[in-house]
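Trainee: Sequence:
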Amino acid sequence: MGLDIAARIARLRSLGSDEGTTEVKSAVGKLPKRVWEAVSAFANSGGGLVLLGLDEQTGFALAPGFDPQPILDALSDGLNATPGHGTKVTPVPPTEVEQLEFEGGVVVALTVRPLVAIPAPCFVTDQGLENGAYRRWDDQDIHLSTYAIYLLRHRHEQLGTDREAVAAATVQDLDPHLLDRMIARLRKQGSRVLTGTTDTLSQLRRLNVVDQAGRPTLAGLLSVGTYPQQFFPQLFIDVAVHPGTAKGAQPGSTRFLDRKVCEGPIPVAVDQAVRAVARNLRTARVVEGSRGTDVLEIPEEVLREAIVNAATHRDYSSHVLGQQVAVDVYPDRVEIISPGGFWGSVSRENIGEGVSCSRNDCLAKLLTQVPLPDSDAMVCENLGSGVPLMIGAMRSRGLPIPAFDSSADKVKVVLHRFGLLTPETREWLHSLGGATRITPRQEIALVLTRTQGNVTPHDLREQAAVDSDDARNDLERLVDLGLLTETGIETYELPRELDAAVLTPVQRDVLTAVDAGTARNIQELARRTHRSANALRPVLRDLVARGLVIATAPPTSRNRAYLRAVDESAHPDSPQLPL
Numbered sequence: 001m002g003l004d005i006a007a008r009i010a011r012l013r014s015l016g017s018d019e020g021t022t023e024v025k026s027a028v029g030k031l032p033k034r035v036w037e038a039v040s041a042f043a044n045s046g047g048g049l050v051l052l053g054l055d056e057q058t059g060f061a062l063a064p065g066f067d068p069q070p071i072l073d074a075l076s077d078g079l080n081a082t083p084g085h086g087t088k089v090t091p092v093p094p095t096e097v098e099q100l101e102f103e104g105g106v107v108v109a110l111t112v113r114p115l116v117a118i119p120a121p122c123f124v125t126d127q128g129l130e131n132g133a134y135r136r137w138d139d140q141d142i143h144l145s146t147y148a149i150y151l152l153r154h155r156h157e158q159l160g161t162d163r164e165a166v167a168a169a170t171v172q173d174l175d176p177h178l179l180d181r182m183i184a185r186l187r188k189q190g191s192r193v194l195t196g197t198t199d200t201l202s203q204l205r206r207l208n209v210v211d212q213a214g215r216p217t218l219a220g221l222l223s224v225g226t227y228p229q230q231f232f233p234q235l236f237i238d239v240a241v242h243p244g245t246a247k248g249a250q251p252g253s254t255r256f257l258d259r260k261v262c263e264g265p266i267p268v269a270v271d272q273a274v275r276a277v278a279r280n281l282r283t284a285r286v287v288e289g290s291r292g293t294d295v296l297e298i299p300e301e302v303l304r305e306a307i308v309n310a311a312t313h314r315d316y317s318s319h320v321l322g323q324q325v326a327v328d329v330y331p332d333r334v335e336i337i338s339p340g341g342f343w344g345s346v347s348r349e350n351i352g353e354g355v356s357c358s359r360n361d362c363l364a365k366l367l368t369q370v371p372l373p374d375s376d377a378m379v380c381e382n383l384g385s386g387v388p389l390m391i392g393a394m395r396s397r398g399l400p401i402p403a404f405d406s407s408a409d410k411v412k413v414v415l416h417r418f419g420l421l422t423p424e425t426r427e428w429l430h431s432l433g434g435a436t437r438i439t440p441r442q443e444i445a446l447v448l449t450r451t452q453g454n455v456t457p458h459d460l461r462e463q464a465a466v467d468s469d470d471a472r473n474d475l476e477r478l479v480d481l482g483l484l485t486e487t488g489i490e491t492y493e494l495p496r497e498l499d500a501a502v503l504t505p506v507q508r509d510v511l512t513a514v515d516a517g518t519a520r521n522i523q524e525l526a527r528r529t530h531r532s533a534n535a536l537r538p539v540l541r542d543l544v545a546r547g548l549v550i551a552t553a554p555p556t557s558r559n560r561a562y563l564r565a566v567d568e569s570a571h572p573d574s575p576q577l578p579l
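Numbering of the sequence shown is given in UniProt numbering, commencing with residue 1 and proceeding in unit increments.
One or more hints might be untrue.
Unchecked claim - Quick list of in silico lysine-lysine cross-link-like pairs, DSS-like style, CA-CA up to 30 Å: (1) 188 / 365; (2) 247 / 188; (3) 365 / 260; (4) 412 / 247; (5) 412 / 260; (6) 412 / 365; (7) 410 / 247; (8) 33 / 88; (9) 247 / 260; (10) 410 / 88; (11) 410 / 260; (12) 30 / 88.
If you're looking for bench data, these hints aren't it; they were derived computationally from the structure.
My request is simple: use the sequences and hints to build the entire structure.
Mentor: Written out as structure tokens, the structure is:
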């Protein structure tokens with residue numbers, strides 16, 4: 001595997017605890033039962049590493065009395081997927097087990113890969129599906145919600161939610177103008193979908209706009225309905241423009257700079273949403289020959305494709321009919337969040353390869369036939385070409401490619417508003433020791449790490465348009481130069497001494513809320529930053545490890561509070577606060 005065990009443990013020591021992709025157990029005498037909860041959590045999340053034979057309480061030193069052989073035997077037995085053999089987790093995820101030498105001793109490393117092609121979720125067999133399915137949250141294994149279990153169980157099933165009739169709706173709730181335009185276009189194309197139909201109702205049945213009884217389907221209402229929100233009030237697109245780099249970052253400040261609730265059928269709502277985002281983005285003048293054109297900082301076709309994808313491929317089951325598609329515009333990025341994780345074979349690794357896979361096949365088909373409000377262009381193509389188009393358009397502007405992140409119950413797409421290699425990032429690159437010996441592609445890898453928090457070969461492959469082997473070689477070269485460290489399964493981060501010069505927007509917000517003279521506990525900081533205590537714990541732990549924040553008590557103490565380190569104001573990326 002080539003796992004850099006020393007770098008991984010060095011990071012754990014700096015944090016003082018486990019982290020999101022690593023679980024440590026001493027495992028002296030026998031394999032702890034809770035190891036299987038970690039296996040379940042990693043399999044249902046993005047994968048992770050279980051290290052056995054280290055003692056967290058003594059600073060991740062080798063656990064006295066650790067014997068690797070019974071641990072290896074227990075893992076082999078618990079992960080044996082031979083039919084009729086009782087496995088400790090169901091289904092068994094892809095795993096790798098190995099012994100690694102460390103500081104004169106041996107530890108056992110269990111690498112757990114995420115479930116993608118295998119039916120999920122992975123659960124601890126003895127605990128059952130409802131009580132034994134976990135996901136990773138920071139350094140904890142927490143139970144999957146009922147909704148997340150539902151999504152993972154049916155990830156590879158076409159449930160036909162979009163084909164279901166809307167009981168209270170009638171054909172009078174369909175927009176006659178949209179219907180006429182759609183049918184006229186199909187006739188012009190000579191589409192066979194209308195062959196043998198003799199009236200409008202039979203045409204609508206053929207198109208799955210209505211069911212056999214003539215009642216509008218969910219797909220029909222969402223694509224050509226007059227006002228679908230009459231039946232589903234929360235199925236809209238919510239565009240919110242925020243003054244800071246996080247929601248409610250500054251207490252007492254303006255909550256939104258702009259807000260638009262985009263309603264109507266999907267073609268209309270998407271058009272409204274794109275316009276609402278566009279009016280809050282900057283434009284640049286591009287001159288070609290003797291003509292000049294104003295272009296958005298994020299290409300309009302990228303915005304449209306991202307919002308269309310969110311509305312088309314989101315989950316429409318009864319669990320989330322009360323959730324909207326959220327479009328959040330920040331000073332540095334645009335985020336589009338939709339209910340329901342990736343469906344079918346789609347993953348973060350292959351979404352840029354043009355995979356065509358629709359949770360809502362009927363709706364997706366209809367949206368290839370319904371024109372946009374002010375043009376003859378279709379809402380979507382449903383050919384798998386949308387994400388490659390987005391990637392190409394962002395690359396052509398020198399922007400980071402779209403970042404896709406999927407959990408069990410939602411998908412988030414991030415579109416950055418600024419190019420990767422700005423003057424500020426150039427200055428940062430030149431400040432790094434050893435940076436003069438790296439290639440332009442390796443520069444991109446470092447900037448991606450700084451922007452995202454980590455980088456994978458997949459990230460670099462997509463951004464720089466290189467093959468996976470070249471991407472891995474570039475990242476390993478940066479490790480050799482001391483500019484990156486491997487912290488997970490093909491996941492790399494800046495070393496602590498470099499990472500200390502970079503703060504995320506959330507970390508800046510937390511530093512703003514922490515005072516140098518008055519200790520504040522996590523509940524007070526949660527109120528001041530408008531975030532949950534659970535969301536703040538990993539942020540505070542990292543800031544403490546960097547020496548930017550001082551904890552007043554041990555992690556297990558109820559009296560633990562936080563102070564801003566007195567020399568923090570000298571930190572180049574931190575808020576300048578009066579002492």
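Trainee: Give me the numbers of the hints this structure contradicts, sorted from smallest to largest.
Mentor: Number 2 only.
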